[in-house]
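Q: Going by our numbering, the sequence shown opens with residue 1, and the numbers climb by one from there.
Bear in mind the hints are in silico, worked out from the structure with no lab data behind them.
Here the structure is a predicted model, which means the values were calculated and not measured.
A few of these clues could be false.
To be verified - Below, in silico cross-link-like pairs of lysine-lysine (DSSO-like), each with a Cα-Cα straight-line distance of 27 Å or less:
no. : residue 1 : residue 2
1   : Lys519    : Lys392
2   : Lys519    : Lys473
3   : Lys250    : Lys109
4   : Lys195    : Lys316
5   : Lys110    : Lys195
6   : Lys429    : Lys474
7   : Lys60     : Lys265
8   : Lys157    : Lys316
9   : Lys60     : Lys154
10  : Lys260    : Lys157
11  : Lys473    : Lys392
12  : Lys109    : Lys157
13  : Lys260    : Lys392
14  : Lys265    : Lys152
15  : Lys316    : Lys110
16  : Lys109    : Lys392
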Amino acid sequence: MVIDRNRHFSRSLKGALFLLCGLLINNQLLQGQSTGFSIANDFRYGIGEQYQSDDDAESKEYLENLFNGRVNVTNSLGNLQLGFRIQLDEPREFGPDTVGLTQYFAEIKKDGLTLRGGTFYNLVGTGLVFNTFESRPIGFNTQTEGVNLNYKRKNFKAGLYGGVMAYADILGPGRVEEYILRGVWGEGNPIDEVKIGSSFLAATGERTRNGFRNEFDAYLREIYVEANYEGITALYNWSDKRTALDSLTKALSSSTTYGKGWYGKLGYTGDLFNITTEYKDYRFDLVAPADRDVGTRSTRALPFQNGPTLVPEHDKTLLARNPHTIDFSDELGFQISGLVYPNEDLIISFLATAASRHAAYNPVVVTDASGQQSIEYEVDGKPLSFPELSDKRYSPYWEVFAQADYELNNKVSLAFALQRKDNVVFNDKRGVEIPSSEEIYKTTTGLIESTVALSQRNSLHAILEVQRVFDSKKVTDGNDSLGIEPFDGRFINRLLTLEFSRSPLWSANARLEWSSTDKEQDGRQIWPVVGGTYRIGRHTIGAQYGWERGGIICTGGVCRFINPFTGLRLFVTSKL
Numbered sequence: 001m002v003i004d005r006n007r008h009f010s011r012s013l014k015g016a017l018f019l020l021c022g023l024l025i026n027n028q029l030l031q032g033q034s035t036g037f038s039i040a041n042d043f044r045y046g047i048g049e050q051y052q053s054d055d056d057a058e059s060k061e062y063l064e065n066l067f068n069g070r071v072n073v074t075n076s077l078g079n080l081q082l083g084f085r086i087q088l089d090e091p092r093e094f095g096p097d098t099v100g101l102t103q104y105f106a107e108i109k110k111d112g113l114t115l116r117g118g119t120f121y122n123l124v125g126t127g128l129v130f131n132t133f134e135s136r137p138i139g140f141n142t143q144t145e146g147v148n149l150n151y152k153r154k155n156f157k158a159g160l161y162g163g164v165m166a167y168a169d170i171l172g173p174g175r176v177e178e179y180i181l182r183g184v185w186g187e188g189n190p191i192d193e194v195k196i197g198s199s200f201l202a203a204t205g206e207r208t209r210n211g212f213r214n215e216f217d218a219y220l221r222e223i224y225v226e227a228n229y230e231g232i233t234a235l236y237n238w239s240d241k242r243t244a245l246d247s248l249t250k251a252l253s254s255s256t257t258y259g260k261g262w263y264g265k266l267g268y269t270g271d272l273f274n275i276t277t278e279y280k281d282y283r284f285d286l287v288a289p290a291d292r293d294v295g296t297r298s299t300r301a302l303p304f305q306n307g308p309t310l311v312p313e314h315d316k317t318l319l320a321r322n323p324h325t326i327d328f329s330d331e332l333g334f335q336i337s338g339l340v341y342p343n344e345d346l347i348i349s350f351l352a353t354a355a356s357r358h359a360a361y362n363p364v365v366v367t368d369a370s371g372q373q374s375i376e377y378e379v380d381g382k383p384l385s386f387p388e389l390s391d392k393r394y395s396p397y398w399e400v401f402a403q404a405d406y407e408l409n410n411k412v413s414l415a416f417a418l419q420r421k422d423n424v425v426f427n428d429k430r431g432v433e434i435p436s437s438e439e440i441y442k443t444t445t446g447l448i449e450s451t452v453a454l455s456q457r458n459s460l461h462a463i464l465e466v467q468r469v470f471d472s473k474k475v476t477d478g479n480d481s482l483g484i485e486p487f488d489g490r491f492i493n494r495l496l497t498l499e500f501s502r503s504p505l506w507s508a509n510a511r512l513e514w515s516s517t518d519k520e521q522d523g524r525q526i527w528p529v530v531g532g533t534y535r536i537g538r539h540t541i542g543a544q545y546g547w548e549r550g551g552i553i554c555t556g557g558v559c560r561f562i563n564p565f566t567g568l569r570l571f572v573t574s575k576l
């Protein structure tokens, strides 16, 4: 499916842009102005094979090109910026193929007022009500097409925003959810140390062929209070969501159509250490297990609701592999993180986090008048207010992590890290003959990292990661007649990464991963990758070839499983 975004442009918004462009070319308005422009182009191409199942590799090719332009004009009327993106994603690596003008805007700033018409992303508060962004590595995009108006003074901020959003579901190929959005927010400082804010959003989910079957309205509210005093920071953010459904849809769902959530933070920043404690309680749509797995239900936390995850997103391969996937509709948890500065050469960072669902369910077999049996669910007690880590029915998750970064001298730096992670996904009983099950994933990972400055321009960067894993999905019962050996799901991963850089011209890198299990795609146990970059003026050219193991990748709490890929990747980045 190819999406031609030009067909979705609002005529009124395009007319407004043409009007602003007309103002720019009026000589009387351009007197005494300064003008600047910038152009950036990102090109990516890949060809090879990608596994779609355990032993089924298919040819894979993608071609993506983003051409971005910006024009800045400053004169007595204020600062005006015009921007656009022409996108060619055909075929695209992740997400629907897209060809055409995908971003366009005109933005003017004057005396604290910012008015933007066209496409935009926006963050209100901590994101419990509205937080939109794009993550191309996983094909996620919640761009809005409309108007965004902000006004800022020293102790007061406020804004209005509205428009349409076409969200391509990253888990449902071909599914596009369309929303009409109208929002308002404001915040002020009654005293310098305290900030109080609130927002309201009305969203309409439209009935479309490839989206929602029935139209609905959702109303979201929030309040937040933040205080800062002598290194101490405290934040409380509360939000609720009410969904208006037609009577038939409401009758077929276990949702109450009303949910709420809150996020809190308490932190301290000092000369010797920093520490932050955070808590989340997201119950925007507590539903029975049968409805929980319906990711397209209109009562769920909507794709533009992306609050704090309290799940770390590590930048090292094995540390980041298969992270916990947050459910903004039903999750509570906490996180404690901090930094310690024993001396000027040593920094110690630490983190402990945990989460679970709010409730566990007991399946009950019921028999109707015709003798047909089915499963109903009863909540086991009241929904919790603190994560339950000892009962697998709550899908518990916890992780502890610590890292020490040490500057040995002005040429050598070292880092040591240790991580322990335990994640359970519980699948409730789905039918009379279908038992409950759980997916258990446990890891213990160690890391050693070093950067050595060989000269003023040359450096060597090395990372060694070693990981012990238990994956219940890989547990296999032995069968002598079929020649299948038993496997307990325990194995070791090792990953070595080396990179040589000659700044600022070029770099070369190699990565080698080895696993003790042969339960991966096609029985592979070794994944080598080589690559490099070269800079020519304002252009950077890069290439990579090898075998990539894949796994789950998350951005801002949004996750996608990336299938293993074998082949060549090329990219060219230009900035003018």
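Q: Quickly compare the C-alpha distance for Lys109 and Lys392 to 27 Å and report which way the hint goes.
A: 53 Å, violated
Q: Taking only the CA atoms, is the gap from Lys157 to Lys316 under or equal to 27 Å?
A: 38 Å, violated
Q: Would you check the hint for Lys260 and Lys392, treating anything up to 27 Å between C-alpha atoms as holding?
A: 24 Å, holds
Q: Given the proposed pairing of Lys316 with Lys110, does the C-alpha separation stay at or below 27 Å?
A: At roughly 43 Å apart (the allowed maximum being 27 Å), Lys110 and Lys316 break the hint.
Q: Does Lys109 pair with Lys157 here, judged by a C-alpha cut-off of 27 Å?
A: Holds: Lys109 and Lys157 sit about 14 Å apart, inside 27 Å.
Q: Verify the proposed pairing of Lys110 with Lys195, using a straight-line Cα cut of 27 Å.
A: 24 Å, holds
Q: Going straight from one Cα to the other, do Lys473 and Lys392 come out at no more than 27 Å?
A: 16 Å, holds
Q: Straight-line Cα separation of Lys260 and Lys157 no greater than 27 Å?
A: Within the cut-off at roughly 25 Å; holds.
Q: Check whether the Cα positions of Lys519 and Lys473 lie no farther apart than 27 Å.
A: Measuring from Cα to Cα gives roughly 10 Å; hence the hint holds.
Q: Does Lys109 sit within 27 Å of Lys250, going by the straight-line distance between their CA atoms?
A: 45 Å, violated
Q: Assess, step by step, whether the Cα of Lys195 is no farther than 27 Å from the Cα of Lys316, and give holds or violated.
A: 36 Å, violated
Q: Can the restraint linking Lys60 and Lys154 be considered satisfied, given a maximum Cα separation of 27 Å?
A: Judged against 27 Å, a Cα distance of about 53 Å means the pair is violated.
Of the numbered hints stated above, those contradicted by the structure are hints 3, 4, 7, 8, 9, 15 and 16, listed in ascending order.
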